[in-house]
Amino acid sequence: MLIPGFREFDWMQDVRLELDRMQREVGRLFSGTSIPYSQRFPAINVWSKEDNVLVTVEVPGVDPKKIDISVEGDVMTLSGSRVHEELGEGEIYHRQERPHGSFRKSVRLPFRADGNKVEASYQNGILTIKLPRVESDKPRKIAIKSE
Amino acid sequence: MADTGKDLEVRKEQSPLQAESTRARQVFIPRTDIIEKSDSIVLVADMPGVDERNIDIILEKGVLTIYGAVDAAYHQDYRVAYAEYGIGDYRRSFRVTDEIDQDKIEATVKNGVLRLILPKAEQEKPKKITVKTG
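Just so you know, the sequences run in chain order A and B. If you read the first sequence in the numbering used here, its first letter stands for residue 253, the second for the next number, and so on. If you read the second sequence in the numbering used here, its first letter stands for residue 231, the second for the next number, and so on.
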């Protein structure tokens with residue numbers, strides 16, 4: 253059946269994202285150690301390809317200049333902070349769901365990344381970091397010679 | 231408790247946005263802060279991936295609905311190696327009382343954060359109702 257706006261590729265990625273996320277949540281549930289939301293902020297997704305990896309991070313409302321990105325081997329670390337609105341005299345929070353404060357988070361990449369060639373961009377609250385694989389680690393094609 | 235249930239039912243009927251979406255996307259509830267100031271109520275919502283062009287704010291029958299559509303968040307040719315967040319749209323509804331001046335609501339979006347300023351109505355102002363002759 254043809255569904256308008258339906259593209260198989262997007263749908264597949266959607267399912268993968270959801271399965272991966274659910275698997276992690278279930279694992280956490282059974283291990284009995286739940287991580288407080290403040291430590292889970294910001295949420296990170298990792299997308300990989302043969303020779304580079306994309307890390308996308310949801311950091312709405314954070315000044316990108318105040319986010320530190322560091323790479324050591326195959327571990328990338330993000331740190332920064334998100335400030336909440338200062339309240340004036342007589343002003344109160346009725347609801348405060350958005351996490352705030354400083355954060356520090358590390359993620360293991362599928363391979364070692366070259367820390368000197370990292371590119372980062374920020375748009376609409378999403379930070380995208382492109383990390384190329386270390387040159388010497390790249391998979392090599394071996395040509396088979398015929399006699 | 232019975233009252234809350236009734237409220238929810240009414241709300242469903244009131245807002246056309248509650249209907250089944252034509253987009254094959256997940257819909258998330260954005261995390262929101264609500265701050266009360268002396269002259270207004272400020273609503274701050276995290277909607278990463280949304281900009282001013284794809285956000286809808288609808289006020290209908292006392293229900294304020296915010297809807298943010300997220301596009302182009304997939305990366306072609308890449309495999310998902312690790313995932314903590316899903317990609318989808320955002321929707322949330324709030325009940326707005328008469329305390330708010332519904333004509334003067336202001337909205338801005340910056341860095342994926344929606345900020346709505348709902349000014350309080352001037353209580354002193356008497357409401358004038360013109361009576362038309364039948």
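By construction, these hints were calculated from the structure, which means they are not laboratory data. Note that CB positions come from ideal geometry on N, CA and C, so glycine has one too. Some hints here could point you the wrong way.
[Unchecked claim] Pairs of lysine-lysine residues, derived as PhoX-like cross-links and limited to a Cα-Cα distance of at most 20 Å, are as follows:
1. K301/A / K397/A
2. K318/A / K340/B
3. K382/A / K317/A
4. K357/A / K393/A
5. K357/A / K317/A
6. K291/B / K317/A
[To be verified] Computed from the model, here is a short list of chain A residues facing chain B with C-beta under 7 Å:
7. K301
8. E343
9. R347
10. N368
11. S373
[Unchecked claim] Negatives, chain B to chain A, calculated, CB over 12 Å:
12. D263
13. E290
14. Y297
15. E352
16. I359
17. T360
Verification of the supplied hints:
1. A threshold of 20 Å between alpha carbons decides the hint, and for K301/A with K397/A the separation of about 28 Å lies outside it, so the pair is violated.
2. At roughly 16 Å between alpha-carbon atoms, K318/A and K340/B fall within 20 Å of each other, so this suggested pair holds.
3. For the given pair, K382/A sits about 17 Å from K317/A by alpha-carbon distance, which is consistent with the 20 Å threshold.
4. Between K357/A and K393/A the alpha-carbon distance is near 35 Å, which puts this suggested pair outside the 20 Å criterion.
5. With a CA separation close to 17 Å, the supplied pair K357/A and K317/A stays within the 20 Å bound.
6. At roughly 42 Å between alpha-carbon atoms, K291/B and K317/A are farther apart than 20 Å, so this suggested pair is violated.
7. A cut of 7 Å between beta carbons decides the hint on K301/A: the least distance to chain B is about 5 Å, and the hint holds.
8. Hint on E343/A holds. Least Cβ distance to chain B is approximately 5 Å, under the 7 Å limit.
9. Satisfaction of the interface hint for R347/A is found here, the shortest Cβ-Cβ separation to chain B being roughly 4 Å, below the 7 Å cut-off.
10. Taken as an interface hint, N368/A does not check out: its beta carbon lies about 22 Å from the nearest beta carbon of chain B, beyond 7 Å.
11. Look at S373/A: its Cβ only gets to about 13 Å from chain B, farther than 7 Å, so that hint breaks.
12. Look at D263/B: its CB is around 5 Å from the nearest CB on chain A, not clear of 12 Å, so calling it non-interface is violated.
13. Distance check for E290/B against chain A: the nearest CB is about 22 Å away, which clears 12 Å, and the non-interface claim stands.
14. Interface exclusion of Y297/B from chain A stands, the closest Cβ pair being 15 Å apart, more than 12 Å.
15. Interface exclusion of E352/B from chain A stands, the closest Cβ pair being 18 Å apart, more than 12 Å.
16. For I359/B, the shortest C-beta to C-beta distance to chain A comes to about 31 Å, beyond the 12 Å cut-off, and the non-interface label holds.
17. Even its closest Cβ contact with chain A, about 36 Å, leaves T360/B beyond 12 Å, as expected for a residue assigned away from the interface.
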